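Fit chains B, C and D to the known structure of chain A by using the hints.
Protein chains: 4
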Amino acid sequence: MPTDAENACFEAGIKFGSLYHQFAGTPVSPESADSLARAMEESIENQPHCEDVRVTVLEDELAAELAASAADYTELTGRFLEVEMDVEYEGTAVRTRMEMEDGYPLMKLVSVDG
Amino acid sequence: MPTDAENACFEAGIKFGSLYHQFAGTPVSPESADSLARAMEESIENQPHCEDVRVTVLEDELAAELAASAADYTELTGRFLEVEMDVEYEGTAVRTRMEMEDGYPLMKLVSVDG
Amino acid sequence: MPTDAENACFEAGIKFGSLYHQFAGTPVSPESADSLARAMEESIENQPHCEDVRVTVLEDELAAELAASAADYTELTGRFLEVEMDVEYEGTAVRTRMEMEDGYPLMKLVSVDG
Amino acid sequence: MPTDAENACFEAGIKFGSLYHQFAGTPVSPESADSLARAMEESIENQPHCEDVRVTVLEDELAAELAASAADYTELTGRFLEVEMDVEYEGTAVRTRMEMEDGYPLMKLVSVDG
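Chains as they are written, first to last, in my numbering: chain A, 1 to 114; chain B, 1 to 114; chain C, 1 to 114; chain D, 1 to 114.
In case anyone wonders, no lab produced these hints; they're calculated from the structure. From a predicted model like this one, the values you see are computed outputs, not experimental measurements. Some clues are possibly wrong.
Said to hold, decoys possible - Label pairs and their in silico Cβ distance ranges:
# : chain 1 : residue 1 : chain 2 : residue 2 : range
1 : D       : Glu31     : C       : Val110    : 20 to 28 Å
2 : D       : Ala93     : B       : Glu90     : 40 to 48 Å
3 : B       : Glu59     : A       : Leu106    : 34 to 42 Å
4 : A       : Ser69     : C       : Ala67     : 47 to 55 Å
5 : C       : Val110    : A       : Ser111    : 19 to 27 Å
6 : A       : Ser111    : C       : Glu101    : 26 to 34 Å
7 : B       : Leu58     : C       : Leu66     : 22 to 30 Å
As the list claims (entries may be wrong) - In silico negatives: residues of chain C with every beta carbon more than 10 Å from chain A:
#  : residue
8  : Glu41
9  : Glu45
10 : Leu58
11 : Glu59
12 : Asp60
13 : Glu61
14 : Ala63
15 : Ala64
16 : Glu65
17 : Ser69
18 : Asp72
19 : Thr77
20 : Gly91
21 : Glu99
22 : Ser111
From the three backbone atoms N, C-alpha and C, an ideal C-beta is built for every residue, glycine too.
The following block holds chain A by itself, in its conformation from the complex:
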């Protein structure tokens, strides 16, 4: 049988995959970045065992991309995002984080406390 800690980590992964693939591709600009970040946080916080979600849209990265392409908006993807999430499952607290590493959005477990 999986342990509570393993189930907690599984639940944390579900939230991360959900957040990313629900919202990747959304049209985003510096002006609309805040409302999108809030919606991402509040929608995923609905999911079971999800205590807190913190989304930052990297406005400098976004502005640099738009300046380079002379566009007004682009599609949301991992290089414009930092995400932290706290999940709790049967007394085990899991913290996870997504950030860019070597040009890729990397989702990882920060801590598991049971």
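Just chains B, C and D now, kept in the frame of chain A:
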């Protein structure tokens, strides 16, 4: 060659399909309905020729669904939404609307003024 | 530091959340169910540590829904799906499964072997 | 009242926005490109008034991106796609096409025949 009015209607359709299929499936509850509606509006308003988007999440419908299923949240789908959108293309103004009809979300052209 | 088993479970959760929220809302009918199931399997198998994905669209459930609503197609959601997935991370093998339970799609860990 | 041609163009736009925002962000590699293209075609062909959808994943573009980043897969986005679609509405036939122009995926009306 397509007319400006035809191009305006094509652009309006693109925005509607984008809005619906980007956000359908998002976890939603009465508490998170507002932030999701704002993100839907502001993200789609980024798209070219899109003047204004107004999204209402039908909180009574949502509350009724949750009460019936004893759940805390559900997935966003057309029966919880009313959407109006104004598109302008080369002087032609198009208004579109999505609402439920016979149990289905129906997207339609309200007016085309060129 | 998280254990290999915890990381394996986190990775398994990411794949499940990705699969569900990438494809929920896709128009589906009995005729298009197979191509959608294959695309779901092959796209998620691209993700790191994902060994195998098996998706079954429940055609009887789908046909019953369409008959009840006199529609030709509907939107993909959990009640039309059974999914099994095998993930391997640093020598730990995780099997996961999604199926309906009490009217809800439940994603769960089946086994963790390290 | 909108004309049949205007409604046909609106319907064509809906299909394009749906296709793009349902599938953008899907993990894709040269090996999984075909199954994804087939699923995109067959799922959107379910929608009303949609006669035919032809999706080509640009495998050379995809291979070049993967070679440049030393990755095994990437996320589907417009620069890996060519799409043609035929819509028919009350006797008006609309052909639409998406292709890259100046680095952006551009959706456009090719012809409207009523």
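Comparing the hints with the structure gives:
The supplied range of 20 to 28 Å is met by glutamate 31 (chain D) and valine 110 (chain C), whose beta-carbon atoms lie about 27 Å from each other. For alanine 93 (chain D) and glutamate 90 (chain B), the Cβ-Cβ distance of about 23 Å falls outside the hinted range of 40 to 48 Å, so the restraint is violated. Taken as a hint, the range 34 to 42 Å holds for the pair glutamate 59 (chain B) and leucine 106 (chain A), whose Cβ atoms sit roughly 38 Å apart. The given range of 47 to 55 Å is respected by serine 69 (chain A) and alanine 67 (chain C), whose C-beta atoms sit roughly 49 Å from each other.
For the hinted restraint 19 to 27 Å between valine 110 (chain C) and serine 111 (chain A), the CB-CB distance of approximately 26 Å keeps it satisfied. Checking the proposed 26 to 34 Å range against serine 111 (chain A) and glutamate 101 (chain C) shows it holds: the Cβ atoms sit about 30 Å from each other. Distance hint for leucine 58 (chain B) and leucine 66 (chain C): a CB-CB separation of about 24 Å, consistent with the stated range 22 to 30 Å. The claim that glutamate 41 (chain C) is not at the interface with chain A holds, since no C-beta of that chain comes within 10 Å of its own (minimum 15 Å).
Every Cβ of chain A is farther than 10 Å from the Cβ of glutamate 45 (chain C); the closest lies at roughly 14 Å, confirming the non-interface assignment. At roughly 21 Å, the least C-beta separation between leucine 58 (chain C) and chain A is larger than 10 Å, which holds for a residue marked as non-interface. With a least CB separation of 25 Å from chain A, glutamate 59 (chain C) remains clear of the 10 Å interface cut-off, as annotated. Every C-beta of chain A lies more than 10 Å from that of aspartate 60 (chain C), the closest at about 27 Å, which supports listing it as non-interface.
Residue placement check: glutamate 61 (chain C) keeps its beta carbon more than 10 Å from all beta carbons of chain A (closest about 23 Å). Under the 10 Å C-beta cut-off, the non-interface status given to alanine 63 (chain C) relative to chain A holds; the minimum distance is some 28 Å. Non-interface status of alanine 64 (chain C) relative to chain A is upheld: no Cβ of that chain comes within 10 Å, the nearest being about 27 Å off. Every beta carbon of chain A lies more than 10 Å from that of glutamate 65 (chain C), the smallest distance being close to 23 Å; the non-interface claim holds.
With a least beta-carbon separation of about 25 Å from chain A, serine 69 (chain C) lies farther than 10 Å from that chain, consistent with its non-interface assignment. The claim that aspartate 72 (chain C) lies off the interface holds: its Cβ sits roughly 26 Å from the closest Cβ of chain A, which is beyond the 10 Å cut-off. For threonine 77 (chain C), the requirement that its beta carbon stay farther than 10 Å from each beta carbon of chain A is met, with the minimum near 14 Å. For glycine 91 (chain C), the requirement that its beta carbon stay farther than 10 Å from each beta carbon of chain A is met, with the minimum near 15 Å.
Interface exclusion of glutamate 99 (chain C) from chain A stands, the closest Cβ pair being 15 Å apart, more than 10 Å. Non-interface call for serine 111 (chain C) relative to chain A: violated, since the shortest CB-CB distance, roughly 8 Å, does not exceed 10 Å.
Consistency note: the structure conflicts with the earlier hints numbered 2, 22.
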